[in-house]
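Engineer: Line by line, the protein sequences give chains A and B. Quick note on the working numbering: the first sequence kicks off at 1 and runs consecutively. Quick note on the working numbering: the second sequence kicks off at 1 and runs consecutively.
Keep in mind that a hint or two might mislead.
[As the list claims (entries may be wrong)] The list that follows gives simulated cross-link-like pairs (lysine-lysine, BS3-like), each with its CA atoms no further than 25 Å apart:
{"id": "1", "chain 1": "B", "residue 1": "348", "chain 2": "A", "residue 2": "162"}
{"id": "2", "chain 1": "A", "residue 1": "162", "chain 2": "A", "residue 2": "125"}
{"id": "3", "chain 1": "A", "residue 1": "130", "chain 2": "A", "residue 2": "3"}
{"id": "4", "chain 1": "A", "residue 1": "162", "chain 2": "B", "residue 2": "353"}
{"id": "5", "chain 1": "A", "residue 1": "162", "chain 2": "B", "residue 2": "86"}
{"id": "6", "chain 1": "A", "residue 1": "162", "chain 2": "A", "residue 2": "71"}
{"id": "7", "chain 1": "A", "residue 1": "162", "chain 2": "B", "residue 2": "119"}
{"id": "8", "chain 1": "B", "residue 1": "353", "chain 2": "B", "residue 2": "307"}
{"id": "9", "chain 1": "B", "residue 1": "25", "chain 2": "B", "residue 2": "119"}
{"id": "10", "chain 1": "A", "residue 1": "162", "chain 2": "A", "residue 2": "130"}
{"id": "11", "chain 1": "B", "residue 1": "119", "chain 2": "B", "residue 2": "86"}
{"id": "12", "chain 1": "B", "residue 1": "31", "chain 2": "B", "residue 2": "353"}
Because the hints were derived from the structure by calculation, they are not lab data.
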Amino acid sequence: MDKKFTLDANGVYYRQLNERIRAAVAEGHTDFELTNVRGQRYIADALAGDLRFHIHGVPGQDLGAFMRGPKIRVSGNAQDGVGNTMDDGEIAIDGLAGDVLGYAMRGGRIMVRGDVGYRVGIHMKAYMEKVPVVVIGGKAGDFLGEYMAGGAIVLLGMFTGKPDAPIAGRSLGTGMHGGVIYVRGGVPVEQLGPHLKTEAADEADMAVLSKHVTAFAASFGLDAAEILSVPFVRVKPFSHRPYGNLYVAA
Amino acid sequence: MKAPFRYYDYEKDISGCGIFGVIDKKRGLIKGDMPIAAMTCMHDRGNGLGGGFAAYGIYPDMADLYAFHVMSSSQSALDRAEEMIKAHFEVHESQPIPTRKTLAIKNPPLMWRYFLSVKEDRPRWRSLSEEDYVVAVLMDVNKSSGGAYVFSSGKNMGAFKGVGFPEDIAEFFRLEEYSAYIWTGHNRFPTNTPGWWGGAHPFTLLNWSIVHNGEISSYGINRRYLCMHNYECTLMTDTEVVAYLLDLLIRKHGLTKRMASWVFAPPFWDEIARMSPQEKEAFTALRMVYGPAMLNGPFAILVGDGKSLMGLNDRIKLRPLLVAEHGDRVFMSSEESAVRDVCPELDKVWMPKAGEPVIVELEA
């Protein structure tokens, strides 16, 4: 059967749109092209397996939430809540993305070519082989990586519509106690959350960075070597599992 | 009361209010269809308990007169309101606000509008400025007519609002028949206050109108502060205070919109500490003098005044706001999809920084 499934989302309510996608997945379709998407919520949420989505337009809130495996490409901008609690798979957004992207993300990778909003990557976490990654080509708003417990955020600050803004907003990494935030070129100390410091990325860091920057560059037709030609700093937590002994003796 | 059986099967859409605004900088008229379509795109940000629109430029033949929109739960309250209005104003025209019967809007209040000028020989409040006089009469009607509320009082502008989804309210008020150079729209998901006709957005006073997504946690202190300045809240919804604060700070105290935004969403103390001595002094003074006018809690607001459209977020951006430009038109919206729905090609799209207003003034 034809694995491809094309759907014109113009004027289709989000419930019907998602019902049709799910019915098509059940029938065995794996390659989805959605056109004229304008704000329909919950696209590809909780879908599992080897599926590919190409979205033209502006998908609505919670794109790819709880998703386990599919790859999503957005030709356009995305709104809030992209990859909420996402488990596996990949989301690549050509434009910019809104607030709380990658909230509580637990696996997979999200790449945004442009700027992202506030509270991106908050509560990200990792466990054994599950290590979520967010790569941001532009700049980020406040609270990037707040309460982060695992995974990696890579902030490039290059492909931005806000030339005058600092690379990250206030309270970067506030309360983080796991994972790592890499920033290309550095970040003003007043943007960091309380007690956080930056240090130069070491060789092991550069290996991680190289892997994800290469994927980012390939995805958007950019030059990875140029992106990596500037030193990176890392923001790392100053505590590890601060509440690990709250209820049990050490 | 027990939780329903298998309560976890009950579907619930998690939503927040939706806001949309558009201004044509050259005063080009925009048909009502456009803001209606944009609000319809964000249908699921509300729950049917409030919808509304503000439109500027809709009464060009009456542009010098105050256009009072009045809603009333009963004919007797409307009669009392009319008596009070007639005692204080010359009534140039008086008519029902055009509405149509629709399936979605049940038991609407009576809707009436008056085009007014201030009486030469005022029965009271003779020493007040004209605008303060209008505000005083309006507050009195809302407080003492026993069920009638003036919900729009500007010139060449009007608010239209009620209980329903915004597209239903638009159909009810026949808004597709109006054209305006500034529109704002609101889709309500009431959280802490009742979903009633008076509590729908926009909230207005004179030419000010505001739509708001969020929650003004400082409502109590804001309301008490306003009360000391003769603004009395009667509409049982937090956003009402912002309309009156705008009037107090900007019209009466002469602050610029930029300064008023600093009052609403001031810089953090640690940011003030890093400023130059002069700035430090100015921002400290602003926080000290206008502490009770600061808005605490999450908000994205759109403010119209007939000459500009302003968008502002709370300083830690707890609600979404997007700005987009196309030619002479600037859009502000909770979601980009709503803008793309009515204007697919955009010259510029961005999300403003928390606490920093986007102010778009008319150029014509």
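Engineer: Does the structure break any of the earlier hints, and which numbers would those be?
Structural biologist: Numbers 2, 3, 5, 6, 7, 9, 10 and 12, in rising order.
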